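If you're matching positions, the sequence shown starts at 98 in the working numbering and goes up one per residue.
Heads up, a few of these hints could be off.
Simulated restraints on C-beta separations [unchecked claim]:
#1 Gln111 with Thr246: 35 to 41 Å
#2 Asn269 with His185: 31 to 37 Å
#3 Glu134 with Glu247: 16 to 22 Å
#4 Asp279 with Ile159: 14 to 20 Å
#5 Glu247 with Thr284: 39 to 45 Å
#6 Glu265 with Gly232: 34 to 40 Å
#7 Leu178 with Ser282: 39 to 45 Å
#8 Glu149 with Asp279: 18 to 24 Å
#9 Asp279 with Ala181: 30 to 36 Å
#10 His185 with Ile253: 24 to 30 Å
#11 Ala138 with His185: 21 to 27 Å
#12 Arg141 with Pro165: 38 to 44 Å
#13 Ser282 with Leu308: 35 to 41 Å
#14 Gln295 with Lys317: 16 to 22 Å
Calculated from the structure, these hints are not laboratory results. No experiment lies behind these values; they were computed from the predicted model shown. We put the beta carbon where it would ideally sit given N, CA and C, even for glycine.
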Amino acid sequence: MDSSPTSLFDSYEQDFKQILQSIREKLEGDGSDQRGEQKKAALRRVEMELDEADEMIAQMEIEIQGIPQSIRPQYQTRIRLSKADLAHYKKLSREMHAQASRADLFSRAPATSDEPYGSSDRARLLAGTTILEDGSRRLHESQRIALETEEQGADILRNLIGQREQIENARNTLQTADNSIDRASGTLKKMIRRMYQQRVVVAIIIVVLVLLIGIILWEKLWR
């Protein structure tokens, strides 16, 4: 089993590419020519696969936090490219949903022999199309904001991780400094102790010398 720090990232990226290939085939390949219920079913499967692709990108963003800083930028670039590809197919999926909804509205509209659509039916269809397009635009804007928020959250997470590493390094440095101060303090105490011991020895020697000199003088003066 590959235990490299990028193995899980590569695995999720491979899964993402496979899901994206399946989406591409449904939206741009043979699946794009389907009509009616088959097209609706294909679009529902695309929605499910888009959710799975989102989950793969989320897993990739989690795994990138464990990749060494020296090679992390190239993996961040790969995530940005994956997000761009996914955003493209999300937009294409929304457009095809809108087309399918409009086709469904027109197929259900009543027709007369003289005029395909009555004025009231045409107005309702136009109003429905306008509402649908407005909803699609709002959905696109919401997804864009969500993507930007997700990217900002990932940047904040990366910054927090970097700050945590800096704090841990500072804490280790402070602990090393504390240990050095403790050792220096112990050495200084030993030096002070030795100094006092030397002073006591010198004082004793001086007292003994004074006593000896006094004894010698006493003997010379009184004998």
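Taking the hints in turn, this is what the structure says about them:
{"no.": "1", "hint": "Gln111 with Thr246: 35 to 41 Å", "verdict": "violated (27 Å)"}
{"no.": "2", "hint": "Asn269 with His185: 31 to 37 Å", "verdict": "violated (46 Å)"}
{"no.": "3", "hint": "Glu134 with Glu247: 16 to 22 Å", "verdict": "violated (34 Å)"}
{"no.": "4", "hint": "Asp279 with Ile159: 14 to 20 Å", "verdict": "violated (41 Å)"}
{"no.": "5", "hint": "Glu247 with Thr284: 39 to 45 Å", "verdict": "violated (56 Å)"}
{"no.": "6", "hint": "Glu265 with Gly232: 34 to 40 Å", "verdict": "violated (49 Å)"}
{"no.": "7", "hint": "Leu178 with Ser282: 39 to 45 Å", "verdict": "violated (57 Å)"}
{"no.": "8", "hint": "Glu149 with Asp279: 18 to 24 Å", "verdict": "violated (56 Å)"}
{"no.": "9", "hint": "Asp279 with Ala181: 30 to 36 Å", "verdict": "violated (55 Å)"}
{"no.": "10", "hint": "His185 with Ile253: 24 to 30 Å", "verdict": "holds (26 Å)"}
{"no.": "11", "hint": "Ala138 with His185: 21 to 27 Å", "verdict": "holds (22 Å)"}
{"no.": "12", "hint": "Arg141 with Pro165: 38 to 44 Å", "verdict": "holds (41 Å)"}
{"no.": "13", "hint": "Ser282 with Leu308: 35 to 41 Å", "verdict": "holds (39 Å)"}
{"no.": "14", "hint": "Gln295 with Lys317: 16 to 22 Å", "verdict": "violated (33 Å)"}
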